[in-house]
Structure formats: C-alpha cells, structure tokens
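Protein chains: 2
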Amino acid sequence: MQRVKAIISYDGTNFSGWQVQPGARTVQKEVEAVLTKIHKGQRTSAIASGRTDSAVHSVGQVMHFDTPFAIPEEKWPKAINKLLPPDVQVKASFYVDSSFHARFDAVEKEYRYRVHNVKEKDIFRRNHVYFYPYPINVEEIKQAASYMVGTHDFSSFCASRTDVVDMVRTIHEVRVEEHGDELHFVFRGSGFLYNMVRIMVGTLLEAGKGLRQADDVPGIIEAKSRPAAGNTVPGHGLYLWDVSYD
Amino acid sequence: MQRVKAIISYDGTNFSGWQVQPGARTVQKEVEAVLTKIHKGQRTSAIASGRTDSAVHSVGQVMHFDTPFAIPEEKWPKAINKLLPPDVQVKASFYVDSSFHARFDAVEKEYRYRVHNVKEKDIFRRNHVYFYPYPINVEEIKQAASYMVGTHDFSSFCASRTDVVDMVRTIHEVRVEEHGDELHFVFRGSGFLYNMVRIMVGTLLEAGKGLRQADDVPGIIEAKSRPAAGNTVPGHGLYLWDVSYD
Numbered sequence: 001m002q003r004v005k006a007i008i009s010y011d012g013t014n015f016s017g018w019q020v021q022p023g024a025r026t027v028q029k030e031v032e033a034v035l036t037k038i039h040k041g042q043r044t045s046a047i048a049s050g051r052t053d054s055a056v057h058s059v060g061q062v063m064h065f066d067t068p069f070a071i072p073e074e075k076w077p078k079a080i081n082k083l084l085p086p087d088v089q090v091k092a093s094f095y096v097d098s099s100f101h102a103r104f105d106a107v108e109k110e111y112r113y114r115v116h117n118v119k120e121k122d123i124f125r126r127n128h129v130y131f132y133p134y135p136i137n138v139e140e141i142k143q144a145a146s147y148m149v150g151t152h153d154f155s156s157f158c159a160s161r162t163d164v165v166d167m168v169r170t171i172h173e174v175r176v177e178e179h180g181d182e183l184h185f186v187f188r189g190s191g192f193l194y195n196m197v198r199i200m201v202g203t204l205l206e207a208g209k210g211l212r213q214a215d216d217v218p219g220i221i222e223a224k225s226r227p228a229a230g231n232t233v234p235g236h237g238l239y240l241w242d243v244s245y246d
Numbered sequence: 001m002q003r004v005k006a007i008i009s010y011d012g013t014n015f016s017g018w019q020v021q022p023g024a025r026t027v028q029k030e031v032e033a034v035l036t037k038i039h040k041g042q043r044t045s046a047i048a049s050g051r052t053d054s055a056v057h058s059v060g061q062v063m064h065f066d067t068p069f070a071i072p073e074e075k076w077p078k079a080i081n082k083l084l085p086p087d088v089q090v091k092a093s094f095y096v097d098s099s100f101h102a103r104f105d106a107v108e109k110e111y112r113y114r115v116h117n118v119k120e121k122d123i124f125r126r127n128h129v130y131f132y133p134y135p136i137n138v139e140e141i142k143q144a145a146s147y148m149v150g151t152h153d154f155s156s157f158c159a160s161r162t163d164v165v166d167m168v169r170t171i172h173e174v175r176v177e178e179h180g181d182e183l184h185f186v187f188r189g190s191g192f193l194y195n196m197v198r199i200m201v202g203t204l205l206e207a208g209k210g211l212r213q214a215d216d217v218p219g220i221i222e223a224k225s226r227p228a229a230g231n232t233v234p235g236h237g238l239y240l241w242d243v244s245y246d
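Chains as they are written, first to last, in our numbering: chain F, 1 to 246; chain X, 1 to 246.
Source of the hints: derived by calculation from the structure; they are not laboratory data.
The reader is advised that the hints may include incorrect statements.
Just so you know, same-sequence chains aren't split out, so a pair can sit in one copy or run between any two.
Calculated lysine-lysine pairs in the DSBU-like style (CA-CA distance at most 35 Å, straight line) [as the list claims (entries may be wrong)]:
| hint | residue 1 | residue 2 |
| --- | --- | --- |
| 1 | Lys29 | Lys119 |
| 2 | Lys37 | Lys142 |
| 3 | Lys121 | Lys29 |
| 4 | Lys119 | Lys209 |
| 5 | Lys91 | Lys209 |
| 6 | Lys29 | Lys142 |
Fair warning: this is a prediction, and the values are worked out from it, not measured in the lab.
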C-alpha cells in the first residue's frame, strides 16, 4: 500500500460540510465513493486535515488515502476528478510516507474570509462572499485584528457546542486585504476552535462598524466567554485556504 | 393602472430560462408569483424583452407589468426583492407610459459572453464562465469578429429549431475584451436569432484556436447554412447585459 496526500478544493454551497453524516451530501462521502469505485469496491477512506462546516469552501484542504495501485502520483487528480461531481476537485497529489497523517501532522492552517462591502447585493456572488452593506472603518479593523495575534485562550471565540477542552491556540497572523469592493480577512494559526474564524470576523466587523472599539479586543479575549465576542458570520464567506506540514 | 418598467438580474444556474413552462423553475414564474402575491392574488403578468435560455444569466433584462398601486416608483425593487428567491433581483424600476412594451419597443440588446482561458478549471466559476483550456489567438478572434458587424442574413448563426422567418439582423458592435484570465465577448445589435450569440462565440473561438481563419467568416455568413458555422457554446457563459429603448 502507498499513502497519497492530495490537495482538494470544493465549492461548499451544496455540501453539508466535509464529514460523512447520514442522509447528507458531504465532500468526504463523494470522495470516498469515487476512491472506492477506483479501487473496484474496496472501501477506501479519505482523511482530511479537519472538518469544514456546511457552505464553507476549500481552496487548499489536504487529505490522505491509501492505495495498492502504483500509478504515477501526478495521475491521481485526473483519475479522481473524472468521477467527481463538478463542485469538488483534486488539484494535486503526492506519494508520502505511510506515517503521514493529514490531520495530526498539520502544523498551520490558513483560512480566508471574503466580505463584500457594497450597498447592493451581487446575486452572482451570493454563495461566495458575505454581503455587508454598512460603512466600515478598515483601520479600526486592522487595529482590532492585531490584538488577536499570539497565543491566547480563545474561549470567547469558540461556539458553545464543542467538546474541546484546551482552548489555547496560537494565531500567527491576521491580515486584512482590500480587493476592490471586497475585504479579505486572512488568518494563519496553529489551529482553530469551532467557528473561531467566523466569530473573529464577526467581532472585527463590529469594530469596523463602530459598535466596538479595537481596544476592546484584549478584554474580549480575557473574558473567556462566548457572549463577550461578536456574532458568528455565515459559513459561505469562509475558505480553508491552505494547510501546512513540516 | 400604471405600467412599471423594471431592470431584473438573475443567476441562470438553477433556472430553466425566463419563460414560464409547465413543471420547470423559470424566472418569469417566480416573478409573476411574487407580483401576484403583492397584488393580493390578482394575477399579474411580467413581460420581458425576450426569453433567455436555461443557465443563461441576466444583468440587465427589462420587463414590464401593470399595477393599480400608486407607491413611489423607486419602492418597487425592495417590495419585490423581499419576496423573490436569492438568485433573482429587481435592480431598478420606473413608471412608464402605458404604451411601453418591454419586448416590442426594445431597439438594441447587449449580450456578453465570458470565456475562462486557463489550463485548470476553476470550480468556483463553473456556472458563470465557459472553461476553454486551449491556447487562443486573440488578434485572429478580433479580426474574425469584425466581419460579423453590419446587416446580414444570419441563417448560419441560428439554431435550426426556430420558427423565425426573417433571418436578417443588424449587429452594431462585436468587441473582445481581455479581463485577466478571462476573455469577454460583447455583442450589441438590433436583435438576435435563437442561439445566435452562442454560435458566434463558438465560431470565433474556433478561429482563435486555429481551426478556422478570420477571413472565413464572410463565407460562413454567405453560406446561410447552420453547419457552415461553429459549435454552440454552453449557456452558462452568457449574460443578457443591457436592453435599450428610444
């Protein structure tokens, strides 16, 4: 058997997230069905770097699977994509050591969140950006974002329905980029709690709108309480952008 | 009664085109259902400048409808959009003379066609551009396009299933614009035959790919025969961009 590491992109619009669940269309379900078909019915699992939620997109999700076939590594995307539906696509693949694990070996993840800051909604982007029609102060947002960098207990930025115990994470960078009429939030960190990016963006937008001040952020972190932070913005603006390994 | 002229945009992905047809989700059906609801059950028709096909989008479709309500004209979009699904949107509205007719009074239409000219398909644009992974010669396309301008019998550029008798149309402009990795074809004309824009784009792409020469276009028009022209490109790259009235 050989282990394959693959980069996988998907448009989350019509998926109930990554992870297999009964009665739902999920990315893992589609991918495993294809891999199992390629392996002539031999059940083949795909393990990702982590789940993504309903409507959340991926540009650089990483997964691994095992195969007895010795085809050249670069042939895998074409073989898999031929059988996948049009909203999911394997972009690259590599043979890796059999000890490689897409989830446990990830050392950094990058998420991006797209906010469309215009007065009138663009129906063509409705599934891919968060429409936010209010005036926003980008400098205030950048200032607020700077307080999120570092190693903190991020309990305030974690959805209450979680069974995670250790709430300490290290955020390496929070960057805010202006792309025409869109604002892109870039988050790089060692790991993220459930809904963490979406709560961070919700909090930053509230600072941008003047509902909070940038200087409130240290206190929000300190509170270690979900109600201290802002709203959770919708999943459809979120992209798992990249996963790094040593 | 007052007549309302309205600009309507829709993402054609999940529509079987504009026109009402049994058992299908169409834009006209959604719009008329909303107008009828607003008019408390009084059946209200929406007449567009013309049909659009399945998967074809609109940025500037024009329609008209009649109403006994005397609300300010600019209030209509909000009232209608509140009840419309997220893939269709009224962008503007105006009271017009009761003789105004969205279809019969149109003097010019503009269509645009988006071609994504890259090697690897972008799944996020899969419903909004035509993925064309071949090298193309833009200058050859521009040259070929120039022959399409003017008043011609466009039988060669009309799908065979049509009951239209007069095949003469006047094309005012064919423009080819490069937008990053996309090529946009802009067509302005007095009117268009069934599938005309999509057959023109198919023919132009074949010239760009080297399968035809720009100088072949006058002969293709002269042939007045559908097989003389190129393939019909898919509907999902096409946008009804603007409709003009005197």
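Which hints from the list above does the structure break, by number from lowest to highest? Hints 2, 6 are the ones this structure does not satisfy, whereas the remaining hints hold.
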